[in-house]
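Following the hints, complete the assembly by docking chain B onto the known chain A.
From first to last, the protein sequence lines are chains A and B. Just so it is clear: in the first sequence, position 21 is 801 by the numbering used here, and no numbers are missing. Just so it is clear: in the second sequence, position 9 is 10 by the numbering used here, and no numbers are missing.
Hints were generated in silico from the structure; no laboratory data involved. Since the structure is predicted, the reported quantities are computational estimates derived from the model, not experimental observations.
In silico DSS-like pairs for lysine-lysine, Cα to Cα no more than 30 Å straight-line: (1) B:K31 x A:K881; (2) A:K880 x B:K309; (3) A:K880 x B:K31; (4) B:K309 x A:K881; (5) B:K70 x A:K911; (6) B:K222 x A:K787; (7) A:K956 x B:K31.
Per the computed footprint, the stretches of chain B lying under chain A, defined by three or more beta-carbons under 8 Å from a beta-carbon of chain A, are: (8) 35 to 47; (9) 55 to 68; (10) 104 to 118; (11) 250 to 262; (12) 273 to 285; (13) 296 to 308.
Across the chosen pairs, the derived CB separations fall in these ranges: (14) A:L852 x B:G264: 31 to 37 Å; (15) B:I119 x A:L800: 16 to 22 Å; (16) B:I163 x A:F841: 29 to 35 Å; (17) A:L852 x B:H225: 52 to 58 Å; (18) B:D123 x A:A949: 38 to 44 Å; (19) A:L856 x B:T35: 27 to 33 Å; (20) A:Q835 x B:H225: 57 to 63 Å.
Ideal Cβ placement from N, Cα and C applies to all residues, glycine included.
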Amino acid sequence: MRKVDIKRRLLFLLAAVITLLNIAPLLWVALSSFKTRIEIFSTPPVWIPERWQVQNYIDLFQVNVPYLINSLIVTLVSTAGVLLLSVPAAFGLTAFTFPKKHDLEMWFLSGRMMPPVAAAIPFYLTLRQIKLIDTQAGLILLYVGVGIPLAVWLIASFMRSIHPAIYEAAKIDGCKWDQIFFRIAIPLSSGGIATATIFITIFAWNELLLPLFLTDRFAKTFPVVLTSFQGQTEIAWELMCAGATIQVLPIVILTLFVQKYIVSGLTGGAVK
Amino acid sequence: MAKSPLSTYGLEKTGSLASRREGFFARFSKHPATPFLIPAVIYLFALTIYPFLYSVGASLFNLSLTSPKPPSFVGLANYKTLLSDGLFYTGLANIGIITVSSVILEFIIGFSIAHLFIAISDIRASHLLRTIYILPMMVTPVVVGLMWSYILDPLFGIANYILGVFGVPPQPWFSSPNTALWSIVFINVWQWSPFLMLICMTALMSIPNDMYEAAQIDGAKWYHIVTRIELPMIRNTVLVGVIFRIIDNFRLFDIVFATTRGGPGRSTEIISLYAYRQIFQYFNAGYGSAAAVIIFIIATIIATFAVKFLPKEAIHA
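Extracted from the complex, chain A is given alone in its bound form (with noise of 0.2 Å):
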């Protein structure tokens, strides 16, 4: 009996040590940001920073409020569009029967295999025709249109597991199937609607390629800004710490705040 349980107490060592190796990067960027220029340059490495100083971020919000806010309008918006046009269709494609559905199915699930880039050449000559380049409009239509197939699938894949014999007995009490849609489907499904809308809020905060390709001063996000300070002659290595921290941190906190939902929305597809 002891002996399983010191083996057990080592493996668990062992992966505390990978975990923590694993997230050193992470924590190396982090620490950083509060280094000044010098200390990041320094040889022999200097580990922790002498002072913990805050001018890096400091300098950065200076100029970049905008583009953050940009980030958070956008992604909160199109996060909303995403489930107001994925909750229905999911439920649509799990509590009828139709000719043709899986072939609608696939055509929703493709959406989640066509490359950015061919995407966003068509976007960039779309957009400037209707004049909706480097606007914020122009992006959220945009992220909606991507975050739709994942969303769909996520969704669907939770209401397919209401059994239709709850939809059969409310018709039968006489409810419509927008009372069944609202009253029943939705509030059976709330986990994977949950887990749809965490997972399109991080991919929406995280994408890079749109704004970088539609927008240029006034709607540019966060992640846009963050390639920037590679332009320069000199990488302000000491900015794009701070940076990389603001632009990772809420995702860390969303992480360890939903773990439970992040976890099956992520197998959920695959294993169910």
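Leaving out everything else, chain B in the frame of chain A:
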């Protein structure tokens, strides 16, 4: 297949009779799925089909974003140039190398770590540990690229310093054509091994315990258990994860853009960067559109294969 409540037509009739106030949804009593599906279908249709047709059209023209001249029709000339450009093939080959090596490494690492986390799964803190372990896959890809170019900087990066402590000579990482592609594979594997870990873990946990017990009684060694029981049992689930990873690698852009932008030389060129450059650096919208169309066609072929190989349960989860 789930039996739909609609297949019982009598019920449907009762329902519509019961609704005296004719609502919006009642108008679709013959096709009740329509109002739920139509908005998303129209949206996706407008957002995929229209731009696609537009770029097919644009790819037939000599369309420049900067020149004031009206675009001239050039037929398939853009495609001809594209398919005779060695750089385009380099981009395809590099994607192939990145995809195959990343997915293999991610599986080996993911499978091993999954075993580790299963072995300690009855310790409560291990769930939190697992969540922290999978954090890399949630991190913004462009941050992943920037972060690693900071850590792997050949001159002052912390990685070479740590290697030096162990007596390993400094590596050039992203700055040499010989190592740049493998450095990209490395950070790709760092970010996505946790995904295959999760997939392997859930699949392994669904193997019934008595199979292990039976194997033990028969005196099976650990490698027998892995090859004869575990791998065949988790095959379908892992396949789904692997297919998603293949598709995602084909879409790769952010981490290469943030680290090497295709260089040094053409050693890390990938097709999405190639198309990006055509439009946003050379302003060749026509040529770039042709590249986009070709990428789209290749992706469609891959997706079609993927769907064929995907176990049906995966789609109808």
